[in-house]
Structure formats: structure tokens, C-alpha cells
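Input sequences plus hints: build the corresponding full structure.
So the protein lines, in turn, are chains W and L. In case it helps, my numbering puts the first sequence at residues 1 to 349. In case it helps, my numbering puts the second sequence at residues 350 to 607.
Calculated directly from the structure, the hints in this document are not laboratory data. Don't be surprised by glycine CBs; every beta carbon is placed ideally from N, CA and C. Heads up, a few of these hints could be off.
[As the list claims (entries may be wrong)] Partial chain L-side listing against chain W, Cβ under 8 Å, derived:
| id | residue |
| --- | --- |
| 1 | D399 |
| 2 | L400 |
| 3 | A403 |
| 4 | V407 |
| 5 | Q431 |
| 6 | G436 |
| 7 | L583 |
[Unchecked claim] Residues of chain L placed beyond 12 Å of chain W at every Cβ, according to the derived structure:
| id | residue |
| --- | --- |
| 8 | G376 |
| 9 | R412 |
| 10 | D413 |
| 11 | L420 |
| 12 | S481 |
| 13 | Q494 |
| 14 | E505 |
| 15 | L522 |
| 16 | T556 |
| 17 | V570 |
| 18 | D591 |
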Amino acid sequence: MSDLAIGAGRLTSLPRGARTGLAILLLLAAMAASLAIGAVPLSLRDVLQALMGQAEDARQAAVIWQLRLPRTLMAGLVGAGLALAGAMTQGLFRNPIADPSLIGVSAGAAVVTAALIVFGAILLPPGWLPYAMPLGAFAGSLAVIAIVSRIAMVEARTSVALLLLAGIAINALAMAGTGLLVYLSDDRQMRDITFWTLGSVGGATWVKVWALAPCIILPLICAPWFARALDALNLGEREAAHLGFRVERVKRLACFAFALAVGGAVSVSGIIGFVGLVVPHLVRLTFGARHCVLLPFSAIGGATLLILADVVARTIVAPAELPIGLITAFIGGPFFLALLLRRRREFAA
Amino acid sequence: MMRLTAIAVERGRRRIVDGVSLDVAPGRLLAIVGPNGAGKTTLLAAMAGDLRPAGGTVMLDDRDLHRWSPLDLARRRAVMPQAARMGFSLPVRDVVALGRSPFERSHTRCENAAAVARAIHAADVGHLVNRSYETLSGGEQQRVQLARAVAQLDLERAGAKPMLLLDEPTANLDLAHQHAVLLLARNLAKQGVAVVAILHDLGLAFTYADQVVALQGGRAVAQGAPPEVLTPTLLRDVFQVDGLVVSGHLVVQGPLAA
Chain W
1 MSDLAIGAGR
11 LTSLPRGART
21 GLAILLLLAA
31 MAASLAIGAV
41 PLSLRDVLQA
51 LMGQAEDARQ
61 AAVIWQLRLP
71 RTLMAGLVGA
81 GLALAGAMTQ
91 GLFRNPIADP
101 SLIGVSAGAA
111 VVTAALIVFG
121 AILLPPGWLP
131 YAMPLGAFAG
141 SLAVIAIVSR
151 IAMVEARTSV
161 ALLLLAGIAI
171 NALAMAGTGL
181 LVYLSDDRQM
191 RDITFWTLGS
201 VGGATWVKVW
211 ALAPCIILPL
221 ICAPWFARAL
231 DALNLGEREA
241 AHLGFRVERV
251 KRLACFAFAL
261 AVGGAVSVSG
271 IIGFVGLVVP
281 HLVRLTFGAR
291 HCVLLPFSAI
301 GGATLLILAD
311 VVARTIVAPA
321 ELPIGLITAF
331 IGGPFFLALL
341 LRRRREFAA
Chain L
350 MMRLTAIAVE
360 RGRRRIVDGV
370 SLDVAPGRLL
380 AIVGPNGAGK
390 TTLLAAMAGD
400 LRPAGGTVML
410 DDRDLHRWSP
420 LDLARRRAVM
430 PQAARMGFSL
440 PVRDVVALGR
450 SPFERSHTRC
460 ENAAAVARAI
470 HAADVGHLVN
480 RSYETLSGGE
490 QQRVQLARAV
500 AQLDLERAGA
510 KPMLLLDEPT
520 ANLDLAHQHA
530 VLLLARNLAK
540 QGVAVVAILH
550 DLGLAFTYAD
560 QVVALQGGRA
570 VAQGAPPEVL
580 TPTLLRDVFQ
590 VDGLVVSGHL
600 VVQGPLAA
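Below, the structure is given as C-alpha cells:
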């Protein structure tokens, strides 16, 4: 831990440009690894040639363009969205344990998506489903965040206990809903739903990437605007209002952006937990808690983490694949416990 | 210039503030005193624009406080809260710099940095700037919050002078810093700031304030210059203590003998 702290201290003393460069370099390295590693191992040269459309082997080009590139981009977008959403809710609720999956928002998005998997083919014209899923998931997460934040807000302060308890209730309800949908579904739909509740970026297609991109990029573009307000909210809601921020408007817009990112991510990849918890925490440790740094670096860090997790997911038991949600849960669970252990006193109070 | 006219604030069915009229003039230090539950903090919240009075008006420059946009208001008045815990710890320098948020667009980066440096110096937190807010003692945190509020005062530009509202600014401070904070408040008043402070220590109010308003049960039972308000009679009736003035200082002798 002390080594990590010292390492973190050194990183914070680096100039901003160097830190940004380092983070982007890491992301590019993760992307390169994700494109090169797999059932058909490719060299970096092969990857670059294929990306520039000069592949010597048509099969290699197909592997890159049809399989690995959409998958890498989707994993990156999902990771960026979840981490950004985590950082934003934590700022909004002034608490480091507000993760989209812990407070039930992912589950809310999941139920709607599962319902679309089962009934979508009947209700919607063919071809609409890939675009309806992010929208439906967005609506689901928006509803949950509205309910949860209303329950947890007592006299203009967010109670963490209430936030988590509301999350437990909604998670239970959503799980029951998903269970019911599994019961109603046919074999193929059931496999889809089950695999998908564990989280995976295995089904990546270009259509999904295009449907997902605006859900993640829009909140990312708004991040600098939110950063100042979230910094002020760190002092408290009343204090932020004294500094001239329209707190209610900021909260509404932040919830909107948050629901868009989580809904988009969940609709294509299922429930991938803990990314929103782990990444912002690490970024805060290394770069500090100011949101103008925290939000973009969380997005970059989330993308890097999920791309790497996906590389592990599809190589560790090759030729089979582990659901990526299992991997993030194995990283995030202990991390969450450690976080609780360190802040025990605070939560007991 | 802020003018409160017969304002009333209700919480549920209870009237917390009841018909208080008050002028807050630039260049003056106004102390709000009163026993627990007299409505001091609620009155200050009404002056800050946090809540809308159920009756009466709060006017700032002849304009109702609620017709001001949050940003315009933030450029005119700063509030130091009683106690502020932060969600995530920041270095002290960054906390103070948050006080400049309303001026990020209107002032240059250089002007803002200078205002932060001045506020850090004024609140005597220079030795803490690189510390993490979380690691400070209660009194040190309070002084950092004071520095943040002072940084929010726009003193350089000509025009209407800002207001500074202090909610028990001396609560957690040692004696030397209690006096230092009120000296700073006096000093800011001399530069034209209208300062309003809730004070529990009547001795400090007597020594430093230009004007005192005494609240009891939500009503202003007396207001005026300190010697006119903080009389032995008022001390007995409102605060249930005996006190007298000795060579220009108010001395509270202890609770009333039963």
C-alpha cells in the first residue's frame, strides 16, 4: 500500500501533459494487445497493416475488422462509460461507493434489455432492436437513478445507508424480473439473457458500436461542464449553491448523462460490475479528486481496464470464454472490501 | 445594501423567524446574537437566499433576493458555513480556490490566483496549503472555509461592495484565532464589505461589532450599537446571565443565581 502511495505521489508530481500522455499510451497499448492476442495470434505489424487496409492475408483482415476491432472498441466504450458514470455519481452523492451496479442502476437497465430480448422481436419491426436496446436501457437506468436518489435524499443530504439499501431492494426486484423473463423465454433467448447478465463484450458488432458510441461520447463531451459543478458539490449542496451553481439543474443533468452512459453500456454488454467503483478510486489516488482531471482520466482508465479484462476473459480458458463480468467482479469485490475496511469508522458513524 | 422587512420563516407549522426587520450596511460588522433556538442560523440562511421567507422581503440593492440569478448573487455575497465536511479530500489550496468559481469567466486566471493567495494569507492558513483538507483539525478546517469565503469576495473591482455571511465563525477556534477572525472581519468591513456574523461570545460581539441584533424566539428583541443592546438587563432577560461592562469590555459573570 505504501509503495502504491509513493508511486502515486510520483505520478502526481509529473506535469499534466506527461500524465495525460502516459494514460493515453497505456490505453493504446491495451488496444494493441487486444487486437493482436487471440485464437489467431497476430504480430503488431500484421495488426497495423490490417488496420491500414494493406493486409497480406484476407483472413487476417477479417479477424481484425470483423471481430477484434469492434470488440475492442466496444469494450473500451463500455469501460469508459461505466467508469465515467461511477465518477459522476460518486461526485454527485459525495461518496466513493456509489457504483452503478451497487445502487441498482445497472440492474434497472438490465431488466428492460432482457424484456426487449424476449419481446422485442414481437413488438418491434425487424432491425430496430439494436437501437431500441440502448434507449430502453437508458429509460430503465434513468428510472432507477430517479427513484434511488429520491429515497436516499434526506433534508438535502444523501444518506449512504439509504442509497445502498435502496440499491439492494432494486437489485432484488430486478433480479426477480429477469428471472421471470428467463422463465418466459425460449432456449435461445434464455442463453442470451443468462450470458448477458454475467456481462460480456463477446457479441460485439459494428452496429452495436455505432448504437453505443453516442451514449458514451455525449456524457464525455459534457464532462468539463460538470467538472466545475461537481467540485463545488464536493463542499455540500448548499455551499455549491452559494458559489452560484444551479444545484438542482446540475443534479438532473448529471443523472441524465449518467443514465445514458450506464444504459448504453448495459444494453450491449450486460452487467459488468465494479468498473465504476475501482477506476475512479484509483484515479483519485493518483491524480487527486478534482473532477476536471478525474472525469476524463476515469474514462481513459475504464476503457483500458475493460479492454485488458476482455483480453484475459477470452484467453484464460481458451478456446472457451469467461464472462467479463466475472473478471471485474473478481477484481472489484476484494477492492470493495478493502475500501470498506479502510473507511469502516466513517460508515459506522 | 441589504434590507430585511418584517421577514418570517416557517418550518412545518413552527415560526422560526418572526417579523425581523434589519438593515445591513456596507462597511459595517453586524453581529447576530441570541440563545440556542432563537433563529439565528435561519435568519442568516434567509439573508443568504437559501430559503424563501413565508412573509416579508429580503432586498439586495432594491431587488428581491429571489430575483437575483445564483451566479450574480454568488458574485455579491459569500457564506462561511458552520461546519463543512467534504465528500472527497482536496489539498487546502484547491478548497480555497473553489471560492473563485463565480469569477472563472469574469476575471483572469491571474486575478483569481491573486485573490486566492490574499485570502489564504488573510485567514492565516498559509502553512496548510499543501495539506489534505481531511487531515486538518476542526478549527483548521473552519479557517480554510473562512479563506474560501474571503476568496469569493470581489474587492478589486469598483461598484457595489460584497457581503460576507459568517455562521459561528469562532465556534471551534482557540482564543487567539477567535480574535484573529474578528479582526479580519473588521478589516474587511473597513474595505467596504458588509459583514454579518452569528456570535455566541457576547464579549467578542461587544468588542468587535458595529451593530448587534439580539434574537429571542425568532424575534429581534433589540438592535443597535453594542453598548445599547448588550445591557445587563438584556443579558439577564434573554441570556439568563449576569454581566457588566468593565473598562470598555463586556464581562459575563455567570448564570443568574436562582
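Verification of the supplied hints:
1. Annotation: interface hint on L/D399 holds; nearest CB of chain W at approximately 6 Å, less than 8 Å.
2. Checking L/L400 against chain W: minimum C-beta separation of about 10 Å lies over 8 Å; hint violated.
3. For L/A403, the interface hint is violated, the least distance from its beta-carbon to any beta-carbon of chain W being 18 Å, above 8 Å.
4. Because the beta carbon of L/V407 sits about 15 Å from the nearest beta carbon in chain W, more than 8 Å, this interface hint is broken.
5. At about 11 Å, the closest approach between the beta carbon of L/Q431 and any beta carbon in chain W exceeds 8 Å, and the interface hint on this residue is violated.
6. The restraint placing L/G436 at the interface with chain W holds, with a minimum CB-CB distance near 3 Å, inside the 8 Å limit.
7. Using the Cβ-Cβ criterion of 8 Å, the hint placing L/L583 at the interface with chain W is not satisfied: the shortest such distance is roughly 32 Å.
8. Distance to chain W confirms L/G376 as a non-interface residue, since its nearest Cβ pair spans about 22 Å, more than 12 Å.
9. Every C-beta of chain W lies more than 12 Å from that of L/R412, the closest at about 16 Å, which supports listing it as non-interface.
10. Non-interface call for L/D413 relative to chain W: holds, since the shortest CB-CB distance, roughly 17 Å, exceeds 12 Å.
11. The beta carbon of L/L420 is not kept farther than 12 Å from every beta carbon of chain W, the shortest such distance being approximately 4 Å.
12. Residue placement check: L/S481 does not keep its beta carbon more than 12 Å from all beta carbons of chain W (closest about 9 Å).
13. Not every beta carbon of chain W lies more than 12 Å from that of L/Q494, the smallest distance being close to 8 Å; the non-interface claim is violated.
14. Consistency note on L/E505: stated as away from chain W, and its beta-carbon is indeed over 12 Å from all of that chain's, at 18 Å minimum.
15. The Cβ of L/L522 lies farther than 12 Å from every Cβ of chain W, with a closest approach of about 20 Å, so its non-interface assignment holds.
16. Chain W leaves L/T556 outside its interface by the beta-carbon criterion, the shortest separation being 28 Å against a cut-off of 12 Å.
17. Taking the minimum C-beta to C-beta distance to chain W, about 28 Å, the non-interface status of L/V570 holds against the 12 Å cut.
18. Once the 12 Å rule is applied to beta carbons, L/D591 is consistent with being away from chain W; the minimum gap is 37 Å.
In summary, the structure is inconsistent with hints 2, 3, 4, 5, 7, 11, 12 and 13 from the numbered list given earlier, while agreeing with the others.
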